[in-house]
Amino acid sequence: MNVKISMQANGAKRHATVPPMKRLLDVLRDDLGLTGTKEGCGEGECGACSVLMDGEVVNSCLVAACQADGAEITTVEGLAPDDGPLSAIQEAFWEYGGAQCGICTPGMLIASADLLSKDPRPTEATVRETLSGNLCRCTGYVKIIESVLAASRMQKRPAKKAAKKGARR
Amino acid sequence: MSRPKSRKLGGVVGTNVRRKEALDKLTGKAAYVADLEVPGALWGLTVRSTQAHAKITSIRRDPSFDWSGVTVITAADLPGMGCGNVVQLIVDDQPFLAEDVVTHPEEAVALIAAATREHAEEAARHLKIDYEPLPPLFDAESEDAVSFKDYLIEKGDVAKGFASADVIIDGTYRFGAQEQAYIENNGVIAWHDGSSVTVRGSMQCPYYVHKALKRLFDLGSTQVRVAQTVTGGGFGGKEEFPSLIAGHASLLAKATGKPVKILYDRAEDMVATTKRHPGRVKHRTGLTRDGKIVAMDIDVLLDGGAYATLSAVVLSRAVIHSAGPYRCDHIRIKGKVVRTNTPPNGAFRGFGVPQSCFALERHLDVVASKLRMDPVAFRRKNLLRDGETTATGQVVADAGESHKALDQALKQSDYAGKKKAFAAFNSTSRYTRRGIGVASFLHGTGFTGGGELYLMSEAGVALTPEGTVVVLAASTEIGQGTRTVFSQIVADTLGLPYALVDVADPDTANVPDSGPTVASRTVAVVGRIVADAAKNMGDALAAHAGFDRATPWSEARFRAAAKKWLADGKDSRFIAKFANPSKQVWDEKAYRGDAYGAYAWACLVAEVEVDLLTFEVTTLALTSAQEIGKAIHPRLAEGQIEGGTTQAMGWALMEDVVMKNGRMANGSLTNYVIPTSMETPPIRVITLERPYAHGPFGAKGIGELPMDGGAPAILNAIADAIGLSMERIPATPERLAAEWLASGRKPLIDERRDAGFAPPPRAAKSKARRA
Amino acid sequence: MRGDLSQLKVSRPASLDEALALLASDKPPMPLAGGTDVFVGVNDGHPRAPWFLDLSALSKTLRFIRLDKAGLSLGAMTTYTDLRRSKAIATFAPVLAAVARDVGALAIQNRGTLGGSLGNASPASDPAPVLLALDAHVVLASEKGERSVPLHEFFTGYRKTAARPGELITSIVCPRTAGPWMHWYRKVGTRRAQAISKVVIAGALSVGKKRRVEGARIAFGSVSATTVRARHVEAVLLGETLSPALIAKAQETLSRDFTPIDDIRSTAEYRMHVARNLLGAMLLASGR
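Chains as they are written, first to last, in the working numbering: chain H, 1 to 169; chain A, 1001 to 1771; chain P, 2001 to 2288.
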């Protein structure tokens, strides 16, 4: 028996009619076409499915569709407008090599953006601990952490202001 | 990090240009195979054997289930479909679908396609497969294990060598399998229209899949098209395995006439796909009293699993590297890879070298300790120098780099200072002990021996109508930045802006066969071919336009020359072939000669802290010095070193493939643990650059070397910290505790019994969540 | 194989009364809060129930941290992040913030709840030993009313609790206890984050003048079919003076309180060895 759910996804009101226990991850990817969020394990271990739900990082593979009804969701697609400049964290990942194969990157960006919005000048140890729920097999985390620290320096102020420079090539 | 010298033309080689392939990954737009929407696609599913070794006595459909809308394929259907049931690789022993016998757990027995995943799974539950079990063999060390392949390498006369030795020291070292654990699971989509087949998917080697599909369907090269989608990690796990999953999806596509998606979930990917070969290496080493190695007798045994796949090549690399970067006149290396009733093992970064390097470098620390020699001094005494020869008799002109790597790693890690500091720490610390360990190692670039000649790879460049340049190569980008690095190479070869160059998607319809994306060959071998082609293009365009080739291009002049070239009806493509620039001479029968065009040299220093309450090992720091010829993109190069070193750390300490009845029992990311950001220490990377004459801009291979030395360096550090010699990896806390107890040491708290309640001389730091 | 989760039913009560009414059904739904354990079963094709009770709307009633004269009262839907952020916890029971920090990683901490962990009754629950050492009791509500069960009577077997049909955990209460208590906790997991525990030790010790043990509550996780209080060890310690000999005796007594097993993550030998070591370290620390 399907249910109709509504949510704010990346600032837009979206609806879906889905089985209530459908995973939020699948609602985002299949029903809302937001394929930026990835499945890596289906067990809440890898964090590739991380999204912001009502201001907190969650593993969307562990959230039921019915629990996301009425929620405010941000996915990687929501970090920067389609034709606008990249956010500071995305710029930093690009410049400092925070992504290699990129499959963990959406989750990493979400977790990093969340951290910087709550703690604009985190220590290296805080960054390391905050990202411990996002597994990366390529980088050894070194340049991911460097990227987050760089982004925190790039941000002049806390909260969601995107970096002005966004020259894309 | 050493500062790379930039090319005299200025250019982009040696600089950290922004990656061409990164933007889509950062915005969520990158299309991995699971992201592709294919209207009308069916869901494909693989039904797998529950037995390790058994006759298949029947495969029956439960008549109570409605099978309309479901397609089922078994081996028996293949001849009628005009298909040959062999996965083409090296030996024709692996079928796409088991015929009469299953030889390993999780072997594919049937394929099912239906409109949805749920329907396919429900159908699978109603497919009854009956087995008559046969005796399985799981122990690779058993007398009954049958060998896929043997090697023998001989240098000098080991009997003579041992006769001249003052001391002979034996050791046996064991290593477990390792799961690649790429974060993107295997997946492909296939289309078959009756006369041609197309596959898109996560893979490292489109042309391996291409060959396998040609053979499966008996089709010509232009009737098979394979294209790589954005791939979320490979590490070797998507080298040969994709041929199997691609064949499965294509068979279903042929049978149904519809596109078919097969996307593995994590559990299936972990239990059913290839892993690093586990095994054991025995060492017998003869030395003079003052620590000079005079004889080495090495016995390598690898567990290949049920089918040959790439085992012979893994073994080859393992044996060739098993004597490491050391001088020794008398060497004998025997190697064998055997069949067991477990899922076939395959490629994983390092490809046999991490295994043999672990054994050698751990053994040499044991040897040094028995000789009461400092392990660093021991290595200095025995490391090869420029112009000396390896176990296969190859003259290595730049072996002196191994000494430089050792020097740099020791210096940057402050080895001497740490030894003192750790000794002081250990004398006062209540529950933890620190140690430092070293490993010296090497990795041959490209395919072994005549392999590159056999591959005869092709790659090139093409002009677009706008007068820009596109690289045509089958090399895939799997995180290492291939698109960026190839663009840098071509941009600087032609003297053009980086923005004018890009790389075509690896699609067999458009790109030539550049060989597989493996063996650390992408930059050094394929990059060189691409550079050759670019040079040819530059020369041809200049000549045709009447420009002096010695004068650097400007963007305007290049575009003009390009347009003239194309307007005059010339071929837009410039394809070059592998030219064997290093002129390797290799004797495949005797297994002697130039095994590789070049070796790259490295040294890793590991610092650890062992908690004697729990035997948890914390890696405090890793310092990696790697000689890489030339860092085309320093940040990408560092990324390879940091990532590979972390994977090695995982294998050394925590990644345990637990096998029960031939099957991986811990096939989930919960129970097969890879390092998180909390495990990974600061990693200092030093790149040494001694240009390799035959690589583009001096570059050598880089991708695998970082994997090779991590395990022994860490275990050497553990031995330094607590005096426990672990001869087996992973060195989990359980194994360390068991060794500690077996060694007769008192349980820790007893040691402090007499100290009563006095705090230790230096107050132990109390942390919020630790003792 | 994931299975067909479109067949799973969900009810979302708007109030506790509504929830309790649904739980009074013949085949009651399984409570679902953060989903960090329930959904793992859903994802691998083995959902633990065909019908779930989504508690999301009950946050107002069931998600709280209150400190008063009697002690600390934690709503069942309190998350690990709530514990980490709470000033009351930082003052009254910082050990709860410590264990919360060790559960999974941030995304799990944001969703996982104490009620979920206790209701699940996994022997590997990280907070359970800590709550046992805090002498917690569990408040259960049903249509028939409310009752309180000491946590040390709550786990009755492997993944089994003393909750009766129709009951829902609504809160966990940790009483104030007289005298200075030292709280000590350590989790040994498969790795430093995102880890299932292999051994968890939690202790509350009251050591008076001349190192006399006036109170001891020592609990272990992941060494037995349920989280356990080490009763024999406690009995050996109570009323005695801490000394190296007493500590050794306590360590030897541990094998009377549980017999760990080999499993996919660890071995019996390791668990016992580490449990003894950590007990010793804890007792040494308490005597200083």
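Each hint should be verified, as a subset may be incorrect.
Taking beta-carbon pairs under 7 Å as the criterion, some of the chain A residues facing chain P (in silico) [as the list claims (entries may be wrong)]:
| hint | residue |
| --- | --- |
| 1 | Leu-1219 |
| 2 | Thr-1614 |
| 3 | Met-1678 |
| 4 | Glu-1679 |
| 5 | Ala-1737 |
| 6 | Glu-1739 |
Cut-off 25 Å, straight-line C-alpha distance, at most; resulting in silico cross-link-like pairs (BS3-like, lysine-lysine) [unchecked claim]:
| hint | chain 1 | residue 1 | chain 2 | residue 2 |
| --- | --- | --- | --- | --- |
| 7 | A | Lys-1029 | H | Lys-13 |
| 8 | H | Lys-118 | P | Lys-2009 |
| 9 | P | Lys-2087 | H | Lys-118 |
| 10 | A | Lys-1404 | A | Lys-1419 |
| 11 | H | Lys-4 | P | Lys-2087 |
Cβ-to-Cβ under 8 Å is the rule here; a few derived chain P residues that face chain H [unchecked claim]:
| hint | residue |
| --- | --- |
| 12 | Val-2042 |
| 13 | Asp-2054 |
| 14 | Arg-2066 |
Hint data in this document are derived by calculation from the structure and do not stem from the laboratory.
Here a beta-carbon is modelled for each residue, glycine too, at the ideal position from N, C-alpha and C.
Hints not upheld, ascending by number: 1, 6, 8, 11 and 14
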